[in-house]
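A.B. asks: One-letter residues, chain by chain:
2 protein chains.
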Amino acid sequence: MGLIVQKFGGTSLADSSHIKRAAKRVAEVKRAGNQVIVVVSARGQTTDELYALAYEITDNPSSRELDMLVSTGEQVSACLLTMALHAMGEEASAFTAGQIGILTDSRHTKAKIMRIDPQRLGQELEQGSIPVVAGFQGVDEQDNITTLGRGGSDTTAVALAAVFKADICEIYTDVEGVYTSDPRIVAEARKLSVLSYDEMLELASSGASVLQHRAVEFAKKYNVPVMVRSSFSDFPGTIISEEVRTMEDVVVRGAAVEKNEAKITIRGVPDRPGIAARILGSVAEQDLNIDMIVQNISAEGLTDVTLTVARSDLKEAIEVFEKLKKEIGARGVESDEHIAKISVVGVGMRTHSGVATKMFQALAEAGINIQMISTSEIKISCVIDEKSADEALRVVHKAFELEKAATK
Amino acid sequence: MGLIVQKFGGTSLADSSHIKRAAKRVAEVKRAGNQVIVVVSARGQTTDELYALAYEITDNPSSRELDMLVSTGEQVSACLLTMALHAMGEEASAFTAGQIGILTDSRHTKAKIMRIDPQRLGQELEQGSIPVVAGFQGVDEQDNITTLGRGGSDTTAVALAAVFKADICEIYTDVEGVYTSDPRIVAEARKLSVLSYDEMLELASSGASVLQHRAVEFAKKYNVPVMVRSSFSDFPGTIISEEVRTMEDVVVRGAAVEKNEAKITIRGVPDRPGIAARILGSVAEQDLNIDMIVQNISAEGLTDVTLTVARSDLKEAIEVFEKLKKEIGARGVESDEHIAKISVVGVGMRTHSGVATKMFQALAEAGINIQMISTSEIKISCVIDEKSADEALRVVHKAFELEKAATK
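Heads up: the sequence lines are chains Z and B, in that order. Numbered according to numbering that gives the first Met the number 0, the first sequence terminates at residue 407, and the numbering increases by one at each position without gaps. Numbered according to numbering that gives the first Met the number 0, the second sequence terminates at residue 407, and the numbering increases by one at each position without gaps.
By construction, these hints were calculated from the structure, which means they are not laboratory data. Where hints are given, some of them may not hold.
[To be verified] Computed list of chain Z residues with no C-beta within reach of chain B, every gap over 12 angstroms:
hint, residue
1, E175
2, S311
3, A398
[To be verified] With a cut-off of at most 30 angstroms between alpha-carbon atoms, the simulated DSSO-like pairs for lysine-lysine come out as follows:
hint, chain 1, residue 1, chain 2, residue 2
4, B, K325, B, K314
5, Z, K19, B, K109
6, B, K397, B, K190
7, B, K23, B, K190
8, B, K19, Z, K314
9, B, K19, Z, K109
10, Z, K258, Z, K322
This one's a predicted model, so the numbers in the text were calculated from it and none came from an experiment. The beta-carbon is built from N, C-alpha and C at its ideal position, and this holds for glycine as well.
Taking the hints into account, I'd like the entire structure generated from these sequences.
C.D. replies: Below you can see the structure in the form of structure tokens.
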């Protein structure tokens, strides 16, 4: 007997027949002698529809009420899936995050889970009942409803798996697993059977949206094995777990493109100690989502610092930088939102040379100019023109022969 | 400076323009120097749509999850109205019933409010903010979400008005107030400017669905003046308050018809002390909604007891009565769901004779047979054939000249 957390995404709960199918999966696992905790997203387009309602009222809805509004989507899903389980003869109860004590900080629309009270869910499990939890949400110390950001239901699922030491956290979605690249762009993209947390993290932050970044961090931190799989088939999906031996031979695991970023540069910054901290501090204060940070060597005592931020944060980032420009006596602020970021990711990369060269060559041969480069131990990212994004993904995927199964 | 509770029904919040209009009303009252508590229903058809979702999943949805499901409708309304208030520059916060401590018993789908914790709402009011409360809902001791039954938002509003000793509880709806009869059936029906709690109670239980019965009971118990008015016009509505002097001359205040009941008779019951209690006890155990209870004098030591129940409860009532029949040795059980109940209501009635005669005559002249009669101090009700319901309402309305304004 094991404990399994199953998370169903919006497409897996789109209508009553989907909900019944999801219930069937839950019941099967339960009847096989396991304890099950279910986490649900909002059905289909519900979240977008709720946002649309808010923006019909005002261009600038308050984040507290926005959270309280959209959280109803997951609550509805939880109730419906629970009813479907009852109809199959299973004991089950629906829960909001508040009812099972998922406590977060108060940063509405992007709250972080602080702790989870295991008591009520524990009771349910002991009684042989299946708790069905509304994902994506929490409550803060004052009992205000918060949300964990888009895709936050993954985080709820992994967090519950961590608290209850689940054997596995299954993420049911509309794709078969994690791919070497986005199959909608790269026809040859291949499903990976296994992936390390770090690789998944780098892929997620590079635009592979199959799993929320924070969910993977959580999984890594608490060593929760996660399986991403389709709710529409019985194929095994992709298991994400600790780095394992068999992975070592593989150099590049996948390639991804991120199109929702913009770059912003502050030019002619006096190159002295503390200046980067000053810049980042200002950005952090505004709670902007930063991705890449690039600073090259200075010339004549002046340097340029470029960040990539979520495109939706660019306007605010420009304001911060313009203010900063005056304060630190920089020369100018430039920005461009027509960029894309292409990345290759792989644990093996750290012990293999030539990966970067191969990537840069592939881009060059396709006539794609590289605007910025940033590397980590398991990732290389290049900022390029937005127009070349899909082309870049295809040529890079081909260059690393990602369509072929890895030798193990 | 006063404290005013304003409750907006579903039709008053049907879309974004309606919501903004409601917000404008709230803001006006606030800007006139009052404290305001707002209570909202679900928008338009939301509750029905949510029920439909549940019944797509199963014919027999669990009441706990049903409550949790439909309660999202009011939560959405509260968020949207709060956003509309923000857009107008007002401070406001949306609240679920749980967040402001509306504690109920655990009888899902028809829970009763046990107490309300005034702390959080009190803080909001002190800070000059407008709390916008999701109506119709509560939480029980175990933090499960409950609902107060259809129209329960009225009860939420009146209960909050009672706790905070509001000067008035305004119920905004899609009609101009309380009428002498249903204007959809009786063209001459006239809006009443004032009405006592008792009259409203009798009218409500007689099928005038403008205000939930329990809400009026609450208002009477805590002496909360209630005004029913239209959110689509600025006409003053109907004030419901303690019986006042000026009402005395009026004999019959209104006429109403109830079409959602069924009658059930247990025949040939041994007429001995305690038998009525035994019958009612069995019915009460099943939590059925009883309206009329009629027992006539016995013949040969046997009597018949007839109840009218909500039509949706008839099946269950028959089961109870069949079981009871065996236990107490009654002769038979009969039922009929094709009935209607026509009532006339008026405080003045108790000091005037001839009201019943006039009513029975009007029905007789229209060839309508009276199946059962029941009277209270301020109401006379007759059960008739369902087919004659509208006709009966028209002839009774005419007989009492309810289209004419009362002399005061």
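A.B. asks: Determine for every hint whether it applies to the structure shown.
C.D. replies: Each hint tested on the structure:
1. E175: 27 angstroms, holds
2. S311: 19 angstroms, holds
3. A398: Per Cβ check, Z:A398 is outside 12 angstroms of chain B; nearest 49 angstroms; holds.
4. B:K325 to B:K314: Holds, at about 17 angstroms.
5. Z:K19 to B:K109: Since the Cα atoms of Z:K19 and B:K109 sit roughly 28 angstroms apart, the hinted pair holds (cutoff 30 angstroms).
6. B:K397 to B:K190: 15 angstroms, holds
7. B:K23 to B:K190: The hint holds at about 25 angstroms.
8. B:K19 to Z:K314: Measuring from Cα to Cα gives roughly 29 angstroms; hence the hint holds.
9. B:K19 to Z:K109: At roughly 28 angstroms apart (the allowed maximum being 30 angstroms), Z:K109 and B:K19 satisfy the hint.
10. Z:K258 to Z:K322: Given that 30 angstroms is the threshold and the Cα spacing comes to 27 angstroms, the pair holds.
In the structure shown, no violation is registered for any of the earlier numbered hints.
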